[in-house]
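Asker: Residue numbers (numbering that gives the first Met the number 0), protein chains in the order written: chain X, 0 to 164; chain B, 0 to 769.
These are calculated hints, taken from the structure and not from any lab test. Be aware that one or more of the hints could be misleading.
Said to hold, decoys possible - Restricting the straight-line Cα-Cα distance to at most 20 Å, the calculated cross-link-like pairs of lysine-lysine (PhoX-like) are: (1) 690(B) to 100(X); (2) 50(X) to 29(X); (3) 29(X) to 690(B).
Said to hold, decoys possible - Simulated coverage check for chain B against chain X, where a stretch passes if three residues somewhere in it have a Cβ under 8 Å from a Cβ of chain X: (4) 50 to 64; (5) 447 to 461; (6) 709 to 716; (7) 735 to 743.
Stated by the list, open to error - Part of the chain X face toward chain B, derived, beta carbon under 8 Å: (8) 9; (9) 12; (10) 19; (11) 57; (12) 93; (13) 97; (14) 105; (15) 109; (16) 143.
Each residue gets a CB set at the ideal place from its N, CA and C atoms; glycine is no exception.
What follows is the residue order along each chain.
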Amino acid sequence: MPNYDRATIEELIDGTIDFFKLKEMLSSFKDPGRFDTYVSILQDRVPWDDKILLPYGLHLYIVLKRDGRRVIKCDCGHEFCESHENWKLHALIYVRDTEEKMAEIYPKYLAPDPQWQVIREYYCPQCATQLEVENVTPWYPVIHDFEPDIDAFYEEWLQRPVPSY
Amino acid sequence: MAIRQGDLSNKQEELLTQQYRRAIGWNGKTLKEMRAEIDQITQETGHYAGLKELVLKEQDPIRFEKMFAKLRGGLVHARETAKRVAASPIVEQEGELCFTLYTPEGDSVVTSTGIIIHVGTMGAAIKYMVNHDYEVNPGIEPGDIFCNNDCQIGNVHPCDVHTIVPIFWAGEVVGWVGGVTHVIDTGATGPGSMTVGPVTRYDDGYQVACRKIGRNDTLLQDWVIESQRSVRTTKYWLLDERTRIAGCHMIRDLVLSLIAEEGVDAYKQFIREVIEEGRRGLINRIKAVTIPGKYRQVGFVDVPYRHSDVEVPPYAKVDTIMHAPSEITIHRNGQMELNFDGSSRWGWHSYNATTVSFTSGIWVMMTQTLIPNDRINDGAYFATKFQLPYGAWMNPDDIRTAHSYAWHFLVSAWSPLWRGLSRAYFSRGYLEEVNAGNANTSNWMQGGGYNQYNDIHAINSFEAAAEGTGAGAVKDGLDHAAAIWNPEGDMGDMEIWELAEPLVYLGRSIKPNTGGYGKYRGGCGYETLRMVWGSRDWTMFFMGNGYITSDCGLMGGYPAASGYRFEAHGTDLKERFEKQLPFPRGGDPNPAEHKYEQCLEAKVVKRDKQTITTEAIFEDYDLYLNYLRGGPGFGDPLERRPEDIEKDLNGGYVLPEYAEKVYGAVFTVDNRGKYHVDPEKTEQARQAIRKERLQRGRPTREWMAEERGRIERKEASLPVRHMYATSFEITEKFLTEFRAFWNLPETWNLSEDELEMPTFGSGHKKSHAR
């Protein structure tokens, strides 16, 4: 099994990894220690102290609060909701549902027709990062993308208790 | 080594007394009995064939690996060798073929590279023959050749033609080998392998339902004559068939030589164990790279059939949207469950799919992500649970459905699964595996008539095998590179396409802005401008997504651009060439500028979003733009590195206006036309865009209250309402969840009857297909 040093995983996170190193990483068996190195790097980088239980998306984390709650948190510090909820319902939304709004991002003829499909952008209310984009038909329920089973992951797959304080 | 002489003579004698013949399964069983046994014991034990222990693999792992390597290497070798027999560029250039080895019951053991969606479809055909007593009539003999391309038996679409050959050892079937190629034409209502126009099975072209077409390794003359008279591209059909037979016979020889070396008992044990190993392998891999839990995503694609350029029967004149919501559940024991509840109903178009194409084809995608190795067999299928709602587009409740371009939505329905799994990879830190999704692998340029050699001909350009790929979490997607359905695909050489098609290239260019924007952008697609030349009675048509972008971006990335069409008829190009005047060349980088029309006079120019059409007449000097799509993006575009935007601008991957608006780039152009992005000014511009986001963004729940009002009033376009109506009709759960999400009363519903569109077929469900 391969094992990558911390610097290599940092390069991976930063997108600066050498192409051939990346190719080798893709072609090799997976390194079982990756998760711990990865979380450790991310924990060092965020400006807050809550313990990361699981990286949840680009800029988003499920963290453990001191009171035991599990919360979805942006790396800017904004806390959206508890981990079992859909964070998008607690975000800012901007819906591109007219030709004019579509034309801001696609040349004419290259955008979807808003009568058939709209584009929904979800922003962090604090740092304004665009965290997710949905292109769906009008009326579509806001998609709850990911509900991880953190307990099963730690206890059964990693065979250790879920981190605590 | 050919087939065993003893087997041949033995069976020849028995032909005279077929009804007294002993069974050809193992130990005196029929193949049908073997099939039932395998299913029962697998279900009872949870292990394929009841194998709780892999005795051969554990006791002699080197021997096990040697056997696997010989078979896998042999299958790949057979594919590479056999494809040189073909003349069709689809097979010879694009590699649209595949060979798979099966157990006597039809479970796949080892497969070659190529269009491995067929790992399960040919198995379904074998199972069909086994379960329909082919052993008794028409008989299964050494040297037999069978053919299938019937979708409802086991296929994706009729153009994927299967050749299936049994392998005998000492009077017993020890397995089957299947070969498949994507043929250029199947004699459907319109020319081309994936033609637009069929709305029922009976329009889909020549369908061969598990038919015995050869004996003693020789094709039957009546088959050769009939098949040659049933399709437009006769030479390609003939050579494709020779390709499949050559590959199957190479593999049959390989299996027999392996049995001679290892013994038949070891071989029998091996083919069972390697499938169970495949089942365990998927579960182990899931535990190694994902997170248990639920992942939800959705895909859509447009079916705009009310347009005047779509000539279909009145009951098919429906504008609708195909819908595939998916929920992946990864259980704590590592089992994966894929649920497509809420999918829309099948329709009178050729984009329906069969369950086996759906469950088998998923592995063509999974081999590019979850199981990126050579152990592809039915083990992965046995490790996965599928829920495909009955009556939906991928599980029709009516045998009349057409399937000629099932891929129109298969691609877009599977691609979100990759996006879902990417969330897991991201959480585990395996960022190198993250993929935002896939391109809608179109346009499909197809047509036919008399070609430049005065032969009756059909075309299906596989330039579509090189679309932009989705962005990753560490790098951009690949530009004009691949297609989800054939990981080895490429765009093919222009010179070869010009030989195969009466169409001259006036350009082949990168298509800017087609890859979804993002921190890492989706790969851009490309476009080729073709001029009809040397044909007679020639027709062509378009096939792809237009009103809809079928796949989302990931974690802040935008979806890829959607499609449009450009065609010109009655042009003045002949005169322009003679007078050496400017004429349309190269790409159409900003379609809003109508660049081609600036150096062209034409009686008819069609530049619009109607990217599905049926046959239109094309004369010499008419133009057709073949635009191949891009892939979706990853991450907030405001995080894209300025140096990468600079490369995009200078490489023609993004138009300057959108580099500014979407990426917030501030740049200058030097006197050589080279762009320079200013990082500091770009950062300032990005701060301004972020402020603008906070101003225009609204709390989601506030927006939901308004959207709820629109739903209550049923305010949406007809295709949108039609899509929901058919999804609600099939899956009560989807309707219940929809009502719950929007807080709608229990009485709220939407049915097809309320819509001003034909509902032909929607109320008449009979289980003919089963």
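Asker: Determine for every hint whether it applies to the structure shown.
Answerer: Hint check:
{"no.": "1", "hint": "690(B) to 100(X)", "result": "holds (17 Å)"}
{"no.": "2", "hint": "50(X) to 29(X)", "result": "violated (25 Å)"}
{"no.": "3", "hint": "29(X) to 690(B)", "result": "violated (41 Å)"}
{"no.": "4", "hint": "50 to 64", "result": "violated (count 0)"}
{"no.": "5", "hint": "447 to 461", "result": "violated (count 0)"}
{"no.": "6", "hint": "709 to 716", "result": "holds (count 4)"}
{"no.": "7", "hint": "735 to 743", "result": "holds (count 4)"}
{"no.": "8", "hint": "9", "result": "violated (11 Å)"}
{"no.": "9", "hint": "12", "result": "holds (7 Å)"}
{"no.": "10", "hint": "19", "result": "violated (13 Å)"}
{"no.": "11", "hint": "57", "result": "holds (4 Å)"}
{"no.": "12", "hint": "93", "result": "holds (5 Å)"}
{"no.": "13", "hint": "97", "result": "violated (13 Å)"}
{"no.": "14", "hint": "105", "result": "holds (6 Å)"}
{"no.": "15", "hint": "109", "result": "holds (4 Å)"}
{"no.": "16", "hint": "143", "result": "holds (6 Å)"}
Going down the numbered hints, you'll see the structure goes against 2, 3, 4, 5, 8, 10, 13, while the others check out.
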